[in-house]
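J.: So you can see what is in the structure, the chains are spelled out below.
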Amino acid sequence: MTVALVVIIVVIALVFVVLIANRRTPASNDGVDDFRRHLDALSPEARQQVIDRVQHREEDDDGA
Amino acid sequence: MARDLAIDLGTANTLVYMKGRGIVLNEPSVIALNRQTGEVLATGHEAWHMIGRTPGYIVAVRPLRGGAITDFDVTERMIRLLLQRVGVSRFTRPKVVICVPSAITEVERRAVTDAARRAGAADAQLIEQPMAAAIGANLPIDEPVGNMVIDIGGGTSETAVISLGGIVALEAVRVGSFDIDNAIQNYVRREHGIAIGERTAEEIKVAIGSAAETPDEVEAEVSGRDLMQGLPKTVVLTPEEIRYAIDDVVTQIVQSVVRCLAKAPPELAQDFLVRGMYLVGGGGLLRGLAERIERETQVPVRMSNMPLEAVVLGAGHCIENYDALKRMFMGQRR
Numbered sequence: 022m023t024v025a026l027v028v029i030i031v032v033i034a035l036v037f038v039v040l041i042a043n044r045r046t047p048a049s050n051d052g053v054d055d056f057r058r059h060l061d062a063l064s065p066e067a068r069q070q071v072i073d074r075v076q077h078r079e080e081d082d083d084g085a
Numbered sequence: 005m006a007r008d009l010a011i012d013l014g015t016a017n018t019l020v021y022m023k024g025r026g027i028v029l030n031e032p033s034v035i036a037l038n039r040q041t042g043e044v045l046a047t048g049h050e051a052w053h054m055i056g057r058t059p060g061y062i063v064a065v066r067p068l069r070g071g072a073i074t075d076f077d078v079t080e081r082m083i084r085l086l087l088q089r090v091g092v093s094r095f096t097r098p099k100v101v102i103c104v105p106s107a108i109t110e111v112e113r114r115a116v117t118d119a120a121r122r123a124g125a126a127d128a129q130l131i132e133q134p135m136a137a138a139i140g141a142n143l144p145i146d147e148p149v150g151n152m153v154i155d156i157g158g159g160t161s162e163t164a165v166i167s168l169g170g171i172v173a174l175e176a177v178r179v180g181s182f183d184i185d186n187a188i189q190n191y192v193r194r195e196h197g198i199a200i201g202e203r204t205a206e207e208i209k210v211a212i213g214s215a216a217e218t219p220d221e222v223e224a225e226v227s228g229r230d231l232m233q234g235l236p237k238t239v240v241l242t243p244e245e246i247r248y249a250i251d252d253v254v255t256q257i258v259q260s261v262v263r264c265l266a267k268a269p270p271e272l273a274q275d276f277l278v279r280g281m282y283l284v285g286g287g288g289l290l291r292g293l294a295e296r297i298e299r300e301t302q303v304p305v306r307m308s309n310m311p312l313e314a315v316v317l318g319a320g321h322c323i324e325n326y327d328a329l330k331r332m333f334m335g336q337r338r
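Going down the list, the protein sequences come from chains A and B. For the first sequence, the residue numbers in this note's numbering are 22 to 85. For the second sequence, the residue numbers in this note's numbering are 5 to 338.
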């Protein structure tokens with residue numbers, strides 16, 4: 022009976038620790054991920070699509 | 005479903021970028037109104053052709069001066085017409101990103117967003133012109149290096165140092181290419197005794213205006229109204245005269261670039277020497293300006309590939325990646 026109670030307490034404690042850890046990890050990574058996404062979106066490769074779109078349109082206009 | 009829009013609401017020209025499509029509108033920021041009824045008669049190119057040539061009951065105006073709204077109602081109507089022309093209706097309300105001068109006040113900021121929302125935008129966010137210009141000029145602003153961009157518009161000149169996606173140093177003056185036109189108008193009036201219109205002054209600037217001596221310089225004939233006799237009169241202007249006439253304005257622009265360089269952290273100084281500064285905006289097309297800035301700062305100056313479109317392209321990129329680039333918007337930085 023006592024052993025079962027100890028096991029239950031340990032399991033509950035483990036679940037609690039895992040939950041806390043899961044709650045804290047994303048929060049601490051949020052800023053990093055957000056900043057990385059921000060910089061990725063500003064990379065010349067990401068911007069090329071917009072520039073290509075305008076240049077193609079200008080070429081089409083010149084051709085017309 | 006409305007496509008989201010990026011708008012470069014410039015003192016001289018307005019450009020609109022539509023998400024997924026590219027630049028769908030590029031025309032002068034001018035609106036012609038009936039003075040008596042307040043009715044809008046024309047906008048854009050059509051209204052620009054009317055400047056200084058209208059009968060008494062029509063007025064053709066630029067509702068923005070120095071990048072700021074001088075007439076809120078007229079600006080709102082101009083934005084509403086712009087949005088209508090690119091397919092926005094009361095049932096299709098897009099998100100809008102608008103480029104504004106970095107030195108804009110809180111009141112002016114509110115005026116622009118209110119005008120856009122009243123004109124039909126579901127949400128209006130603002131982005132500083134030099135930041136948008138750096139994105140549009142495809143500078144490597146995602147890297148930890150100093151990128152310097154000089155944006156010379158119709159009413160403002162802004163210089164910014166950008167690194168890691170944010171502004172490190174900024175210097176803005178409410179002086180731009182319209183001030184150059186005004187300086188030419190005043191010079192011709194003072195020295196030659198004739199009155200010329202703002203469109204003629206702009207034509208002189210484009211034809212023979214320069215900030216530094218350039219090869220193959222030519223003289224230009226200009227016609228206006230003699231101030232003494234009231235009759236049409238033609239005089240010949242030389243490039244030296246025009247350089248002298250606009251020198252005060254050009255000096256103010258160059259000095260603002262120098263001040264921005266002085267504000268930048270020393271670690272970035274080496275980057276400027278290697279990478280140079282990038283010139284964007286219509287005012288940057290003034291002959292000899294890049295050479296003059298280069299001479300006075302000892303830093304190489306390069307012209308952007310698309311100087312007139314760089315700002316709206318940058319804002320367009322923000323509208324294409326709205327969620328990832330939210331922190332670029334004014335008032336959204338954390």
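Just so you know, the hints here were simulated from the structure itself, not pulled from any lab data. A few of these clues could be false.
[Stated by the list, open to error] Computed footprint of chain A on chain B, listed as stretches where at least three residues anywhere in the stretch have a Cβ under 8 Å from a Cβ of chain A:
1) 64-70
2) 144-157
3) 308-322
Backbone N, C-alpha and C fix where the C-beta goes; we use that ideal spot for every residue, glycine too.
J.: Which hints from the list above does the structure break, by number from lowest to highest?
T.: Of the numbered hints, just 1 does not hold.
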